[in-house]
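Asks: Chains as they are written, first to last, in our numbering: chain A, 1 to 213; chain B, 214 to 374.
The set of hints was computed from the structure by calculation and includes no laboratory data.
Be aware that a few hints might be false.
Below, computed lysine-lysine pairings styled on DSS-like, alpha-carbon distance capped at 25 Å [said to hold, decoys possible]:
1. B/217 <-> A/202
2. B/217 <-> A/207
3. A/207 <-> B/314
Simulated restraints on C-beta separations [stated by the list, open to error]:
4. A/175 <-> B/288: 32 to 38 Å
5. A/140 <-> B/372: 17 to 23 Å
6. B/312 <-> A/200: 17 to 23 Å
7. B/229 <-> A/203: 44 to 50 Å
All values derive from a computational prediction rather than experimental measurement.
Positions of the beta carbon are idealized from the N, C-alpha and C atoms, including for glycine.
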Amino acid sequence: MDLFLQIFLMINVFLIGAFTATALRHGWAHLHPHPDEKLKHLAVPAVKLPNEVREHLLEKAQTNFQTVLDHSNAELERDLKDTVSRLNGKLEKMGAEIVADEMKRYRMDLDALRRQTEANISGAQTEISKHQTDLKSRIDTKQAELEAKMNEEIAAEKQVLVAQLDTKLADAVASFLTETLQHNVDLGAQTSFLLSTLEEHKEELKKGIANET
Amino acid sequence: MKLKLPSGVASAQDLTTLLVEIKDYYRWYAHEAIKKQVDAKHTSQPPITSKAAMELLKDWKAMQQISQQSLETLMNTLQDYVQTAPSITITLAASPTSGIKNSLVAWCRENIADNILVAFQFNATLLGGMVVQHASHVYDWSFRRQLLAARQNFPEVLRRV
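The whole structure should be built from the sequences, with the hints applied where relevant.
Replies: If you want it as C-alpha cells, here you go:
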C-alpha cells in the first residue's frame, strides 16, 4: 500500500478521534456542569441582572451552545461520513487494485505455468514421438532382419529338401536302370563304343602306363 | 630281340601258358636233337598244340634258325616279357568273345605299347562300357559309372519332360 495514503489515513483517524473527544467532552460538560463551574458562572456576574434576563440569557446561551454543538456534531458527522466514504472508496480502489494486481500476477503465473506445462507436454510429446519413432524403427529393422533370416532359413531348408528329393529320385532311377539293364548286355554292339572310348582316352592311358614303367 | 606276341596271347596268364608250351617244345626239341645225333629211328610229334604257340614259333623261325640256343633265347625273351611287359586289366559287362578280345588287344598293342598284356574280367553290374585298371590306376568308363555320375541330372530331365 502506498505510504502517503497510509499517513493520510492515520492523520484523518487522529483528527476524527480528536474531534470526537472534544465534542464528547463539551457535550458532557454541558449536560453535567461542575458544581464549581456552576458557582463560578453564578459568581462571575458582577452585574446584577434580573432573573428573567439572566434566565433568558442563559437559555439563549444554552440554545446557542446547543446550536453550535449540533452544528459541530453535524459537521463532524458529515466529515466522518465523508471520510468513511473516501476511505471506503480508497479501500475499494485499493482492494480492486490489489485484486487486479493479484489477478494479473495470478494470470501471469498461470500463463507461465501453462506455458511451462505446454512446453513440458510438448517436450514429452516430442520425446514420446521420438521414442515411438525409434521403437518403430527398431521393430521394423528387427522385423526385416527376422523376415530375411526366416526367408533364408526357409530357402535353405527348401534347398536341402529339394536336394534330398533329387538324390532319392536319382538313386531310385539309377538303381532302376542298373537293375533293369544289367541282364541285357550285348558286348558285340558295344565293340565300336569300347574302341572309341579307348581312342578317346588313349593319351591318358599311354601317359599312365609310361609313368608306371 | 623284338618279338611280336600273337594276338591270341593277351594276358600274363596266356603268356605264362605260352612259355610253358615253349619249354615243352624246347625239351622235345632237345630230345629230338639227341635222337638225331644217335640216329635213333623213333621220333615223336612236337608237343605244341595251341595255335598261338605255333604262330609264335613260326614267326621266330622266320627271324632265326630254330636251335636249342635260339629256343633258350626265345624262352628268356618270353620270361622277360612276363616280368617287364606292361599289363592292364579290362573289365567288361559280359564275358568277351575272342573277337572282341582280339580287337581290344590289337588296339592296345597298336596304340599304347606293342608288348602290352591285357587281362579280361567281367562284371554284369557295369551295364556296358569298361573299366580299365593299370597298376594303381582305375579308369572307370562304364555305363553304371556314367549313370551314377549323371544321376543329379535325372530330376532336371524329369522336370523338363
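Asks: For each hint, tell me whether it holds in the structure or not.
Replies: Going through the hints against the structure:
Restraint check for residue 217 of chain B and residue 202 of chain A: satisfied, since their Cα atoms lie roughly 21 Å apart, inside the 25 Å limit. At most 25 Å may separate the alpha-carbon atoms for a hinted pair to count; residue 217 of chain B and residue 207 of chain A meet this at roughly 22 Å. This hinted pair checks out: residue 207 of chain A and residue 314 of chain B have alpha carbons roughly 23 Å apart, not beyond 25 Å. Separated by about 51 Å at the C-beta atoms, residue 175 of chain A and residue 288 of chain B break the suggested range of 32 to 38 Å.
Separated by about 38 Å at the C-beta atoms, residue 140 of chain A and residue 372 of chain B break the suggested range of 17 to 23 Å. Here the CB-CB span from residue 312 of chain B to residue 200 of chain A is close to 22 Å, well matched to the stated 17 to 23 Å. The hinted window of 44 to 50 Å between residue 229 of chain B and residue 203 of chain A is violated, with their beta carbons roughly 30 Å apart.
Going down the numbered hints, you'll see the structure goes against 4, 5 and 7, while the others check out.
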